[in-house]
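**Student:** Sequence:
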Amino acid sequence: MSETQNKICVICGAKSNGYHFDVISCESCKSFFRRNALRNMDLFQCFFGGNCEIHYQNKNRKLCKKCRLKKCFKMGMESKLIYSDKQKELRRALIENNKKRKNQMIAHKKRLVSSDEKSQDITNSCDNLEINTFNTQVSAEENIQTDNNNNEIIENNLNHSLMPIVNPVSDYSVYFNELEDNKLSELLNALKHLEKSVDIISQTFVDTFRKAFAILQSKVEIEAQNIVKMSKCLDTFNNICESDQKILIKHSAIEINILRMLPYFNYEYEYWNII
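Just so you know, the sequence shown maps onto residues 1 to 275 in UniProt numbering.
It is worth saying that the hints were derived from the structure and are not from the lab. Source: prediction; values computed, not measured. Incorrect hints may appear among the rest.
Claimed, not checked - Each computed BS3-like pair below joins lysine-lysine, with the alpha-carbon atoms no more than 30 Å apart:
1. K70 - K250
2. K232 - K250
3. K229 - K62
4. K183 - K110
5. K7 - K102
6. K183 - K15
7. K86 - K250
8. K62 - K88
9. K110 - K88
10. K211 - K66
11. K59 - K229
12. K62 - K7
13. K70 - K88
14. K102 - K15
15. K70 - K59
16. K219 - K246
Said to hold, decoys possible - Pair ranges (Cβ atoms, derived):
17. Q45 - R260: 18 to 28 Å
18. Y19 - R111: 42 to 52 Å
19. N51 - S79: 19 to 29 Å
20. R101 - K183: 48 to 58 Å
21. F73 - L187: 40 to 50 Å
Backbone N, C-alpha and C fix where the C-beta goes; we use that ideal spot for every residue, glycine too.
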């Protein structure tokens, strides 16, 4: 474990967390290879001459899938180690079967314990039956004697009851308190991860659906990463469990990205400016 922790990913140079598909790699490259290794390489297109430097500090790691996948194979990643759909189904069935057998064993043990407890409960119930019957009779006699006194107390309470008066709120403030100010500062700092650079280095006119889809796909992936970084700067987001965090990101990242793209749409000529 200590050996792999000190090594770096041979694909992008990021910190490695072990061997994946027969190569020392990071979690990001492992997931990327699993998603794309079985796809046709011709579906990907490099817009930078086919010689992109794949590095975790370089945006090309996410922008150019073709060069990244090509390097994965070059460094020795094996696509045959990826589970097929049939293998995944068999593995899932095996896990479910083991889980079912474990639950059956736990349920059987609980039934044995419950049976012993019921036997003891029956014995205790028989011993306490006479005592409970006697206590019930005594309580009934005491309740008859106190009913009249209780009725008088209830009548007195009703006569002295007061109706609450609702007053309008007038002590509001138009200024932020310390907590609200901290929340606003936290939000503004988090939004820095979503800031866009407006420096246009080059302009490319995209006239086919395939080119547009490739560019948009890379942009969406980068924006999704930025949304995750932004969310992790919010205390409220960090206070919920990891599974809820993933659900929130999964079901909101696309909507957030679409809303953020609206200012870059040219309504007069109906085209997008992608920066």
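**Student:** Sort out whether K15 lies within 30 Å of K102, counting only the CA atoms.
**Tutor:** Violated, at about 37 Å.
**Student:** Given the hint that K86 pairs with K250, test it: the Cα-Cα distance must not exceed 30 Å.
**Tutor:** 26 Å, holds
**Student:** Taking only the CA atoms, is the gap from K70 to K250 under or equal to 30 Å?
**Tutor:** Given that 30 Å is the threshold and the Cα spacing comes to 28 Å, the pair holds.
**Student:** Against the 30 Å threshold, does the CA-CA distance of K219 and K246 hold or violate the hint?
**Tutor:** 20 Å, holds
**Student:** Straight-line Cα separation of K70 and K59 no greater than 30 Å?
**Tutor:** 16 Å, holds
**Student:** Please work out if K110 and K88 have their alpha carbons no farther apart than 30 Å.
**Tutor:** Violated, because 33 Å separates the two Cα atoms, which is more than 30 Å.
**Student:** Hey, K232 versus K250, does the alpha-carbon distance stay inside 30 Å?
**Tutor:** At roughly 14 Å apart (the allowed maximum being 30 Å), K250 and K232 satisfy the hint.
**Student:** Measuring from beta carbon to beta carbon, are R101 and K183 in 48 to 58 Å?
**Tutor:** 50 Å, holds
**Student:** Does K102 sit within 30 Å of K7, going by the straight-line distance between their CA atoms?
**Tutor:** Outside the cut-off at roughly 38 Å; violated.
**Student:** Taking the CB of F73 and the CB of L187, does the distance hold inside 40 to 50 Å?
**Tutor:** 43 Å, holds
**Student:** Within a Cα-Cα threshold of 30 Å, do K229 and K62 meet the stated pairing?
**Tutor:** 16 Å, holds
**Student:** Holds or violated: the 42 to 52 Å window for the beta-carbon distance between Y19 and R111?
**Tutor:** Holds, at about 45 Å.
Violated hints for the displayed structure, listed by number in ascending order: 4, 5, 6, 9, 14.
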